[in-house]
Amino acid sequence: MSLTLNIDPARVARARELAGRIVDQVQPFIERHTTTAIERAVVRLFGVEGKGPDEVPLANLVVEALQDGGGLARGAAFWMANACAQTGRTPQQVAEAVAAGDLDLMRLPLLPEAEIRAGAERLARGAVDRIRENRRTRDALINRYGERPAPWLYLIVATGNIYEDVVQAQNAARQGADVIAVIRSTAQSLLDYVPEGATTEGFAGTYATQENFRIMRRALDEVSEELGRYVRLTNYASGLCMPEIAALGALERLDMMLSDSMYGILFRDINPQRTLIDQHFARMIQAEAGIIINTGEDNYLTTADAYEAAHTVLASQFINEQFAHRSGMPDGQIGLGHAFEMDPSLEDGLLYEMADALLSRVCFPNAPLKYMPPTRHMTGDIFFGHVMNALFNLTSVATGQQIHLVGILTEAIHTPYLHDRFLAIENARYLFNNARHFREEFQIVPGGRIERRANEVLARTLGLLEEIAARGLFQAIADGVFAGIRRPADGGKGLDGVLEKDAGYLNPFYDLCLKGGGEA
Amino acid sequence: MSLTLNIDPARVARARELAGRIVDQVQPFIERHTTTAIERAVVRLFGVEGKGPDEVPLANLVVEALQDGGGLARGAAFWMANACAQTGRTPQQVAEAVAAGDLDLMRLPLLPEAEIRAGAERLARGAVDRIRENRRTRDALINRYGERPAPWLYLIVATGNIYEDVVQAQNAARQGADVIAVIRSTAQSLLDYVPEGATTEGFAGTYATQENFRIMRRALDEVSEELGRYVRLTNYASGLCMPEIAALGALERLDMMLSDSMYGILFRDINPQRTLIDQHFARMIQAEAGIIINTGEDNYLTTADAYEAAHTVLASQFINEQFAHRSGMPDGQIGLGHAFEMDPSLEDGLLYEMADALLSRVCFPNAPLKYMPPTRHMTGDIFFGHVMNALFNLTSVATGQQIHLVGILTEAIHTPYLHDRFLAIENARYLFNNARHFREEFQIVPGGRIERRANEVLARTLGLLEEIAARGLFQAIADGVFAGIRRPADGGKGLDGVLEKDAGYLNPFYDLCLKGGGEA
Amino acid sequence: MSRVVLPYGDTTGDGAVQLSFTLPVPIGGAAREAARQLCLKMNLENPQVVAMRDLGGGYTFFIVYARATRGVDLDAIHVPEVSAPAWSMQEIDRMVAEKIGRPVRVVGACTGTDAHTVGLDAILNMKGYRGDYGLERYQGFRVWNLGSQVPNEALVAKAQEVEADAVLVSQVVTQKNVHLSNMTGLVDLLEAEGMRDRVLLIAGGPRITHELAVELGFDAGFGPGTLPSQVAAFIVQSLLERQER
Amino acid sequence: MSRVVLPYGDTTGDGAVQLSFTLPVPIGGAAREAARQLCLKMNLENPQVVAMRDLGGGYTFFIVYARATRGVDLDAIHVPEVSAPAWSMQEIDRMVAEKIGRPVRVVGACTGTDAHTVGLDAILNMKGYRGDYGLERYQGFRVWNLGSQVPNEALVAKAQEVEADAVLVSQVVTQKNVHLSNMTGLVDLLEAEGMRDRVLLIAGGPRITHELAVELGFDAGFGPGTLPSQVAAFIVQSLLERQER
Ligand code: B12
Ligand code: B12
Ligand SMILES: Cc1ncc(COP(=O)(O)O)c(C=O)c1O
Ligand SMILES: Cc1ncc(COP(=O)(O)O)c(C=O)c1O
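Chains as they are written, first to last, in the numbering used here: chain A, 52 to 571; chain B, 52 to 571; chain C, 216 to 460; chain D, 216 to 460.
Bear in mind the hints are in silico, worked out from the structure with no lab data behind them. There may be inaccurate statements among the hints.
[As the list claims (entries may be wrong)] Derived lysine to aspartate or glutamate pairs resembling EDC-like cross-links, with alpha carbons at most 16 Å apart:
1. D/K391 / B/E477
2. C/K256 / D/E378
3. D/K342 / B/E252
4. C/K256 / D/D288
5. D/K342 / B/E172
6. C/K391 / D/D288
7. C/K342 / A/D356
8. D/K391 / C/D288
9. B/K566 / B/E172
[As the list claims (entries may be wrong)] Output of the computed footprint for chain D on chain B, the stretches with three or more beta carbons under 8 Å from beta carbons of chain D:
10. 221 to 231
11. 337 to 345
12. 377 to 385
Idealized CB from N, CA, C, for every residue including glycine.
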């Protein structure tokens, strides 16, 4: 038996149904469109890597050329497949030729459509095979070492230099980390390209690049072997390059990715249409790769009040789940985010945190929930902060969370120092072990504060979902329903990268991944 | 409703019955004897204060004179009452004359016994009146300010200098302390006299003296007024002077006292006979004064393993309760001690701590339990220690403890600095508030780890009590049943202060306090 | 005169200080000694290594208690402090109505790549902070809150457009001192545009002190815990002073 | 050669140090500046007061992060370390039987008013410490554990009486440096009795280091985490060395 809430399943079902309706309202719009980022992702999946003149990545050069030439609405796959077939070159060679100005994709004669389609599918299958191979490698390693017990200790590194990151990450793993997140350089989500190569200079984080992914994956595989347990790697996909970074993560065997349009819309002012279209493709690739996505609902509570706004988190989780399902993602990969962010001066705050955490658990029984530590109410008082983190750790193990972002006592001061991480892990491990079977030993008093709180949050969630279903998601976002931030559907960054698909649009990945193209 | 354990009341009753039997076996021995410390207490209660030649307290000089003269077995009250009546002087003047060598109490002619008894009773009544007046003052102040909610925050000060102690104590009160304990100078329990006057030099604590009690009482009354809440004062009575210090505490309105023979026997090697006799008188005075006593079972767990030895704590609590009852003390004043001392690396340690704490709660529903923080497993790692204290704080509020000795992160390093106390109080207040109604919101799963643990500890307690009842308490102590420390009945310090009462022994306090002499 | 103070543990003058740090030295006696010597180089006396933890990879974490020996002379300390009168919203609004005669115009932004709007919003949004209303709620203020990630150029353009009386900048991210370059960049730009004297320039954020802000060429800086009314009072007071000149 | 190291936060050489302390100064801007200046006097750079808490009564608590500037030269560090071979109980017992030919006699006590017996018991009692058996369990040792609060005189008398090879002293309470006077007092007494050269004198406790013990005239000192077998090995090794001389 384990700690649970007495919640009417019919109300949970109703919430899910409403979220489904909300997503179905925008899904046709999403599927009618593509974006520059999706097309670049296709190019990258075809194996294109590296930079052209002026440090611009080849993927960008190819897609810009198509966009300028007005051909992008047919899909980059269409032109690339044609070019490869016509020239007998690899996609990489084709891209390099485009970059050098030696080749104009749209000037080449076109093969019959069926041949182009077949060629594109062959190229795509190569990528999908590599992605599936990564997945098998991961499964084999986890099989060999054994899976880690939940909650998984998720630790961040953020030195800005991939090589320092490796030192910090390997040491964090030795200290007990189950998951390493490499924090990205500030505002990378605003870049409309993915930098190339190994990087050593970033602000408050390290650029997400294919080479950096590779370096860190290798380092973690090494330390996994040393420790005899599989250390997971995660990075951020959200932002203007979500599909591209998702593709790189799939190619380089990342295990998890922060991947959520809502985060980009609200906190980075990315255009809502753009990023929702991007997200559909990104999650599809992640689904294929067995990558667990992490959503960003926790961030709402850094801006809005955690006690008041809990229902916005839950509503958003329901919506995010539906979006993920539309990308073919199973529950086991949907790491919905939530957070321990109530004001520490709140009477019975611990009980309410438990109520909220249990409620997410009950509503999404098969999702590997991602639980975020106190950040907003952390101050420079590292002693007090360390105790807040202890209660967070307790709540996590007591309510059965899966992915546990380890709270760090210096949260309000700097990105973690080596020993900050050590102290934080020690705190979490102490609680997880010292309260290991809390879940099995306690029951919640029926009709008490915890149950009442959970039911109230669920009621407000239902109300909110009804409202969004009535207004439409784009309007709700424009009205500031989430985190109190208003984002109109035609505002923000990246709208210029959205385009309606042509009738002859070609993107073989949709067929391979979504339509029965799953694991053979 | 509140968190509780499913424990068979018959087994608890059985434990109590066994403890009663154990105590009844030694009680006649106790009542047949008196000690130099008890007689000095009588002298002090009669109002004698101050020092004679060679810095020796007047109380000691008087009692030594009687002991040397062979008259102590009749009781100091007998000689003092006779002398006062014969000379028309106050007890203070009589004592001063004895000290000066001007008066030999045993050379004075004796009044008829009835007159002496009446005179002694008059003197004693003066003391009892003052003690009762103190009690009324305390009640009135608490009434005025309102009682503090449990758990009470109990904080120590330990500068060695009473005037620095005042600064620390008042600041601790301002920071939230409900109870201030002035730690005694190391090994004062081994002194066979109570020092006099205000003191400014002590090792790791400040001497317990009547004047220091007064100074601190005044300081706390002051800050109580400033804060609008009654701040309790506590000090240590245990040791060779237990009855004397108890008397001084009663006279100077201390609110609590650490007062436990078992502590002195085990940790200070004080002779078991001596201190059990002393304790009977001391607790009687404390009962009269409305002073809550604190017992020292927590200390067992600093030496023996807390998981293994929990039953020795519980057994000792049952015995200590019976001893207190024999001194006329009601449950509401019996602050039985226990502690949160399990190895932090123990899986499910938090659950076992909760089990033990609840078990004490269930066995002694009306006792103001005193709960001690982790000390033994505290190290110089103040960050980890601060988290251990958080779990202790949680357990305390979750299991309804009354007197909460606030754990300090620097426990393994030094007696607390000003800010150590601040951080510790903040930790405790956070937990108490943030988990305020934990008790009402959770139930324990029947038949689970917590319940099984509690039942097992109770079973072992019953076994141990059976064994002690069979062997006798003195033998059990000699055999090292408690904390693994062996103390033979005729070993240790202070046996030379024990003497059998004469048939004509006079000590009016027994009558006034124990035999229906309660509050008029 | 001089009033020299030392840290206080439990006895006046005891100098008690706690430190923690990591050294790139494998755990052991030499590591302990290295930690001790490091403290001696900080002019600390009697350093006691109370904890030593192995971080792996040849790094060791230390917790040390020691005694500071060199005190600070309080009389030699002169900190520039923001002189914001303790006026209420009502008082401020009345003062603006009576003495300025038009609403005060303020433009605020999180500049550079900083996306931490919570602090700026605490000052500007209706709702305010800890029960103290934000500037939008004042009758005497008109507020343009540009939000996050605003380039200095865009901020200056907006200030010019609305003829702002005050420009409010929030800077939360301080890594690699990015806030310093953002802030001095803004001052340079305002000067280049010849606007520096026409606007009050105010910064805020968790690592901003008045002293730092003034040093970088701002008129004032506000740190953690700032209430909107303090900022409003400072602005109105400064404008009134300028009027009088 | 010299290998100078600085504290490490997240970049080699960053010098990152955390401090906390209380100043007898009321909370405010001047207090913050006083805290900063105090850190400058410790040769720290860029001190950042990240927390400032009011303790009442005119005291303020600070948490500061700063950069140490003066590194420590690892090559200049020479710590005397106890050279205790890593022998097992069996090996030690065999060695005593073969090379000493009689049980080693040790007397142990917590001296002065120290009543903290747990540490000494960890070394002497059968049970031992962390799975390592105590000296009583060894065939090659005879142990007299005098327990707590033993005056130096009583300890010396016992050592004389049983012709002890080694005297073991535990000191846990260090307030007002009471351990130092207890320890030097014992050395003086042993010397006065002409016994100092005939016994191995060993100290232990949470604040005891080998260096300190040697400085005070002991043969060895053992700190936190000591295992009984280390002490046994040290004793036997030292006795064998003495035999050889
Ligand atoms: C909430 C938060 C976020 C939210 C922001 C949401 C939002 N809408 O603002 C999100 C999740 C988006 C976020 C993202 C990031 N964050 Co952030 N975040 C925080 C957090 C948890 C709280 C900040 C906060 O809201 N404080 C509450 C407000 C009220 O306090 P305040 O800002 O100090 O404001 C007060 C005063 O300073 C003053 N004030 C502030 N501004 C102004 C302006 C004026 C004119 C005036 C007069 C006064 C004033 O008045 C306010 C009220 O009193 C802090 C950690 C912490 N606990 O401090 C990290 C923190 C600030 N973030 C940090 C980082 C590194 C990031 C990222 C860059 C991480 C990454 N690499 O991805 C990203 C990117 C964001 C970016 N580029 O700016 C670091 C900064 C490190 C440093 N010192 O440089 C911190 C300290 C966390 C850490 N330890 O790493 N973050
Ligand atoms: C348990 C304990 C007690 C128990 C002792 C029970 C007992 N039978 O020993 C009781 C409750 C009686 C007690 C009382 C007091 N205590 Co006390 N106590 C502690 C506590 C919690 C744990 C100490 C311990 O057992 N550690 C575990 C052992 C295994 O570790 P260890 O001693 O370091 O031993 C290891 C090594 O050092 C070494 N070692 C130790 N001795 C020896 C000897 C030799 C020869 C060798 C080779 C090795 C060796 O080997 C051991 C195994 O590795 C500490 C706080 C803490 N967490 O450290 C306070 C502490 C030691 N106590 C303290 C104080 C002040 C007192 C009192 C004086 C308080 C008072 N004024 O009333 C009293 C009086 C006692 C006295 N006069 O000595 C202070 C000392 C402050 C200081 N630095 O001076 C401490 C630090 C708590 C505090 N913060 O105030 N205490
Ligand atoms: C879902 C999600 N994506 C991305 C990010 C970070 O993105 P950025 O690079 O914009 O800081 C976060 C930060 O918390 C997040 O929660
Ligand atoms: C019941 C009791 N009495 C007395 C003391 C302290 O006495 P001493 O002065 O001997 O250190 C303690 C210490 O914990 C105690 O628990």
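Cross-check of the supplied hints:
1. D/K391 / B/E477: Roughly 29 Å separates the two Cα atoms, so the pair is violated.
2. C/K256 / D/E378: Given that 16 Å is the threshold and the Cα spacing comes to 46 Å, the pair is violated.
3. D/K342 / B/E252: Violated, because 39 Å separates the two Cα atoms, which is more than 16 Å.
4. C/K256 / D/D288: holds (11 Å)
5. D/K342 / B/E172: Roughly 55 Å between the alpha carbons, so the hint for D/K342 and B/E172 is violated.
6. C/K391 / D/D288: violated (28 Å)
7. C/K342 / A/D356: Measuring from Cα to Cα gives roughly 12 Å; hence the hint holds.
8. D/K391 / C/D288: violated (28 Å)
9. B/K566 / B/E172: holds (13 Å)
10. 221 to 231: holds (count 4)
11. 337 to 345: The restraint on the stretch 337 to 345 of chain B is violated, since only 0 of its residues have a Cβ under 8 Å from chain D and three are required.
12. 377 to 385: violated (count 0)
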